[in-house]
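Participant: These are the residues of each chain, in order.
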Amino acid sequence: MHAKDIMTTDLVVCHPEQTVAEIAAVLNEQSFRMIPVVDAEHKILGAVNTLSVLSSLVPSYIVTGDLESIPYAPDIGLLRKHYITLLNRNVSEVMEKKPTIVHADESLLSVTAALITYDRFEYALVADADERLVGVLSSSDILKRLAKTPHENSDDA
Amino acid sequence: MHDVHVTHMMFGLDPTWIAVSILLVVYGIIMAEKFNRAVLSLLGAGLMILCGVLTQEQAVAGVDFNTIGLLTGMMVIVAISQKTGMFQYVAIKAAKLVKGSPLGILVMLSVVTAVFSAFLDNVTTVLLIAPVTLLITDALDVRPYPYLFAQILASNIGGTATLIGDPPNIMIGSAAGLSFFDFLVNMTPIIPVIFVVTLGIIWFMFGRDLHASEENRALVMRFDENEAIKDVPLLKKSLTVLFLVIGGFTVAHSFHLEPASIAMFGAALLLLLQTFGQSLHDKDHAYEGIMAEVEWTTIFFFVGLFIIVTGVEHTGVIGMLAHKTLELTGSDFNATVAAILWVSAIASAMIDNIPFVATMIPLIQDMGSTFGGADALTPLWWALALGACLGGNGTLIGASANLIVAGFAQRAGQPIVFLVFLKHAFGLMLISIVISHVYLYLRYLS
Numbered sequence: 001m002h003a004k005d006i007m008t009t010d011l012v013v014c015h016p017e018q019t020v021a022e023i024a025a026v027l028n029e030q031s032f033r034m035i036p037v038v039d040a041e042h043k044i045l046g047a048v049n050t051l052s053v054l055s056s057l058v059p060s061y062i063v064t065g066d067l068e069s070i071p072y073a074p075d076i077g078l079l080r081k082h083y084i085t086l087l088n089r090n091v092s093e094v095m096e097k098k099p100t101i102v103h104a105d106e107s108l109l110s111v112t113a114a115l116i117t118y119d120r121f122e123y124a125l126v127a128d129a130d131e132r133l134v135g136v137l138s139s140s141d142i143l144k145r146l147a148k149t150p151h152e153n154s155d156d157a
Numbered sequence: 001m002h003d004v005h006v007t008h009m010m011f012g013l014d015p016t017w018i019a020v021s022i023l024l025v026v027y028g029i030i031m032a033e034k035f036n037r038a039v040l041s042l043l044g045a046g047l048m049i050l051c052g053v054l055t056q057e058q059a060v061a062g063v064d065f066n067t068i069g070l071l072t073g074m075m076v077i078v079a080i081s082q083k084t085g086m087f088q089y090v091a092i093k094a095a096k097l098v099k100g101s102p103l104g105i106l107v108m109l110s111v112v113t114a115v116f117s118a119f120l121d122n123v124t125t126v127l128l129i130a131p132v133t134l135l136i137t138d139a140l141d142v143r144p145y146p147y148l149f150a151q152i153l154a155s156n157i158g159g160t161a162t163l164i165g166d167p168p169n170i171m172i173g174s175a176a177g178l179s180f181f182d183f184l185v186n187m188t189p190i191i192p193v194i195f196v197v198t199l200g201i202i203w204f205m206f207g208r209d210l211h212a213s214e215e216n217r218a219l220v221m222r223f224d225e226n227e228a229i230k231d232v233p234l235l236k237k238s239l240t241v242l243f244l245v246i247g248g249f250t251v252a253h254s255f256h257l258e259p260a261s262i263a264m265f266g267a268a269l270l271l272l273l274q275t276f277g278q279s280l281h282d283k284d285h286a287y288e289g290i291m292a293e294v295e296w297t298t299i300f301f302f303v304g305l306f307i308i309v310t311g312v313e314h315t316g317v318i319g320m321l322a323h324k325t326l327e328l329t330g331s332d333f334n335a336t337v338a339a340i341l342w343v344s345a346i347a348s349a350m351i352d353n354i355p356f357v358a359t360m361i362p363l364i365q366d367m368g369s370t371f372g373g374a375d376a377l378t379p380l381w382w383a384l385a386l387g388a389c390l391g392g393n394g395t396l397i398g399a400s401a402n403l404i405v406a407g408f409a410q411r412a413g414q415p416i417v418f419l420v421f422l423k424h425a426f427g428l429m430l431i432s433i434v435i436s437h438v439y440l441y442l443r444y445l446s
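Heads up: the protein sequence lines correspond to chains A and B, in order. This note's numbering puts the first sequence at residues 1 to 157. This note's numbering puts the second sequence at residues 1 to 446.
Hints listed in this document are in silico derivations from the structure and should not be mistaken for laboratory results. Check before you lean on any hint, since a few could be wrong.
Pairs of lysine-lysine, DSS-like flavour, derived with a Cα cap of 25 Å [stated by the list, open to error]:
id	chain 1	residue 1	chain 2	residue 2
1	B	K236	A	K81
2	B	K93	B	K236
3	B	K99	A	K81
Not close to chain B: a few residues of chain A, all C-beta gaps over 10 Å, as computed [what the hints assert, rightly or not]:
id	residue
4	M1
5	D10
6	V26
7	L27
8	H42
9	L54
10	P71
11	I101
12	T117
13	E122
Note that this is a predicted model, so its numbers are computed, not measured. Don't be surprised by glycine CBs; every beta carbon is placed ideally from N, CA and C.
Chain B with its partners taken away, still in its complex shape:
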């Protein structure tokens, strides 16, 4: 791992220091949240090239286009399908299935959030479910906090379940060659356990406060989910493509297809179907609208981040860190899995889990030689995925979805206070990591 070390000096400085400084400064400013993270990561990436740490060719090779393609493709599909109103439909249907019972609604909306988050991005899910939740809690005359709190946790827990649920999983799957199916077999089974335990504790914490009069429950039953569906033909097209794409992910590996190809093809197909039969002018207008809804900030953030991490990787520092980590764990596999799980969880509760995972990936890859090849590393990848995704539940700033929900709560006049959330959530996050630890131990280590 030391053969990649760049030996020549630049501006009289060791390139290792330049690369590490760029990474630390960029991560530091990202954490301070004073500037747009995409701009910062692109500036950092540009500096890696301008300072001579990487050539442009090396920088481009460092960008994981499988992650980029999968994210972009899913963003297009979601941008179109959310226009159908299907998310609101499902949320209202779920609330009515339990006859407007306050506790039942808490459970149902959490389940809906978790399931949607497993297949779509967490931010979009809460962006669509949280406002409907506020309407329903308003009708019930109950405090929205327990509902929003449960939704934040459900969204991060659900997102952990699949390859496409949360960006860290996409990055890990892509880097380690783990398929959608691998995630279904290895990650998905433990998620319902964590979800049920979390909801159980939430019920214990807030269950007493959740009462509604018959009159208010009747008001919830008067919500009309059918009115939420805005465009039935588009709904059919969206559902068809969503099922094709998710089905495609499941079997992709057997056909040697990468998830990005499936997501991008699905996106293109839905774009075509969406505007079928319209005039060329209307089509162009619709395409441009959808393209504008893709979160390019996130996409460019990823591009910049991949280049920054590649720069640091290139100098051999990450290899050295991997070596140090192994020294600390005594090259014991069980201890290394535990260390990655817990460090990832604590770190992701405090900092953005995306740059964290981007840095951890090459670090874990460097451990391959110690543990007998890349295939032996698989439990480490599950530890990283569980830690990074579930860790986001630890604090209000742990994941983007948390902040989105907090924004709604603020506007509803029921702000979620950072320390109150910490008090309720951090313990729950630790419990989810304990469950993950036990699961990893029983399944892969004993």
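In isolation and in its complexed conformation, chain A is listed as follows:
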């Protein structure tokens, strides 16, 4: 079985010059966890997910643990202040530039290996031979496929 056999092809994509505000709206309204970023020719440039937006909101000295728990700070206020600044930025500034990319004819074994190796994403972007985006494949797509009956799970399906 290959990546192309179980990938989702009904895709919402975005372009690098779109603003974070537009993407945030899509992420929120459609409950997407990830949106691929492609150029005019549909070549993969990266991906934005909820974490790539959030990770631009927290100052690095908090991430590195210099402050513990911080109960005294106006947390929503601080986060929203950064969020509002971020909304006018371009997608290219927050996107993950090295998403997990697999090829359409890669085997599921190799796709699964790729997903668990690059732990940043639960999704792999599926590309054709010209590195154009043709689909998306999530870790749960694979699990769901495995849960099907043994009959359906034959290798030549």
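Please arrange chain B on chain A, whose structure you already have, making use of the hints.
Facilitator: Just chain B now, kept in the frame of chain A:
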């Protein structure tokens, strides 16, 4: 001073050369900052004994346990009190008192840093205040550099003010028999002058850049200092012990008590109070946690250093250096005070002021005979303390607190560049030394 000279040869080498070589090699490697300084100083101390420069008995006698006890005791007290969140409370309270004004916050956080540094160690102070500063400047949308810069200077200036503010003062006070009260009377008065002048110049340098919108100032006002207090009963216990200990330092001399006894007693008392009413198992667990937070690296660094300096002192080299210094200054007291002040300041800007002061102490003690006894030396001790503590402001590597703040700035994505800091700070350091010089001259020399 030449009667202590060891005359017999060791391995065919003059012990003087062995001792001086150990000191120079250890100091050299400490400066290169490639190895842990405690390990180096203990290796050096061990070599002093193994090479026969000192007996173990002489080495142990050379360790100033008053310094060691005072440092350890205060470290225990600080390790417990910092868990209460009182430092964050004070920093936030101070920022809100000035209604979130960017310039007001710069001043308030510097004052808080200076006052805490005067009574606690500088590293702990900046370790607790700098991250809160980053949060506040983030809320204000202002560059953190002026704030962190002011805090570095405030921490070293504040630390100069009291006997317990900075390790060089602890060492000097202990060696010269100067009390906490002596420091309050002689050192503390000039510190506000230096602090105000320094802040004034910082305001002149950075004041223009410090603007914040009403919205961002309102965000600062939404910080809740009460949430910072994590443990109210412990806070009460910590404050009680801190006041008792500082009060104890002030009156200790009249009761012929050394500061180390007070600090260690305070530490033991707070350890007892902290765990009052807990099960034996929990108590042991808590004690071990606190003991692990004591900076043993620093303590062992001091132990090793005292032994190394004692070794060199034993060979008569320091006496000889004192003699040479006096030749250079023509045994003129004013010139000697000036020389010690300026040399200490420049040296401490570049090297660790602790080994520098450890070496200078016996050197100054050796001058006693020239200037008419140990009591006459007091202005020299103030010169050494002012030079060594304030000199730390000269460069980014001048004091440990500087490096700690630089580390935070780096992690906040706003690194403090060595040369930029040098450009801003070195002149300010020189000005503080000029003020100190004038003060010493007017008060003790004219």
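Participant: Decide, hint by hint, whether the structure agrees.
Facilitator: Right, here's what the structure says about each hint:
1. For the suggested pair K236/B and K81/A, the alpha carbons sit about 36 Å apart, so the restraint of at most 25 Å is broken.
2. Note on K93/B and K236/B: the hinted pairing holds, with a Cα-Cα distance of about 18 Å set against a maximum of 25 Å.
3. Proposed proximity of K99/B and K81/A is supported: the alpha carbons are some 19 Å apart, at most 25 Å.
4. The Cβ of M1/A lies farther than 10 Å from every Cβ of chain B, with a closest approach of about 45 Å, so its non-interface assignment holds.
5. Even its closest Cβ contact with chain B, about 39 Å, leaves D10/A beyond 10 Å, as expected for a residue assigned away from the interface.
6. Separation of V26/A from chain B is adequate, the least Cβ-Cβ distance of about 28 Å exceeding the 10 Å criterion.
7. With a minimum CB-CB distance of about 25 Å to chain B, L27/A clears the 10 Å threshold, and the non-interface call stands.
8. A cut-off of 10 Å between C-beta atoms confirms that H42/A is not in contact with chain B; the least separation is 34 Å.
9. No beta-carbon of chain B comes within 10 Å of the beta-carbon of L54/A; the shortest separation is about 16 Å.
10. Against chain B, the non-interface label of P71/A is violated: not every CB pair exceeds 10 Å, the least being about 4 Å.
11. At roughly 29 Å, the least C-beta separation between I101/A and chain B is larger than 10 Å, which holds for a residue marked as non-interface.
12. No Cβ of chain B comes within 10 Å of the Cβ of T117/A; the nearest lies about 28 Å off, and the non-interface call holds.
13. No Cβ of chain B approaches the Cβ of E122/A within 10 Å, the least distance being about 28 Å, so the stated non-interface status holds.
Of the numbered hints stated above, those contradicted by the structure are hints 1, 10, listed in ascending order.
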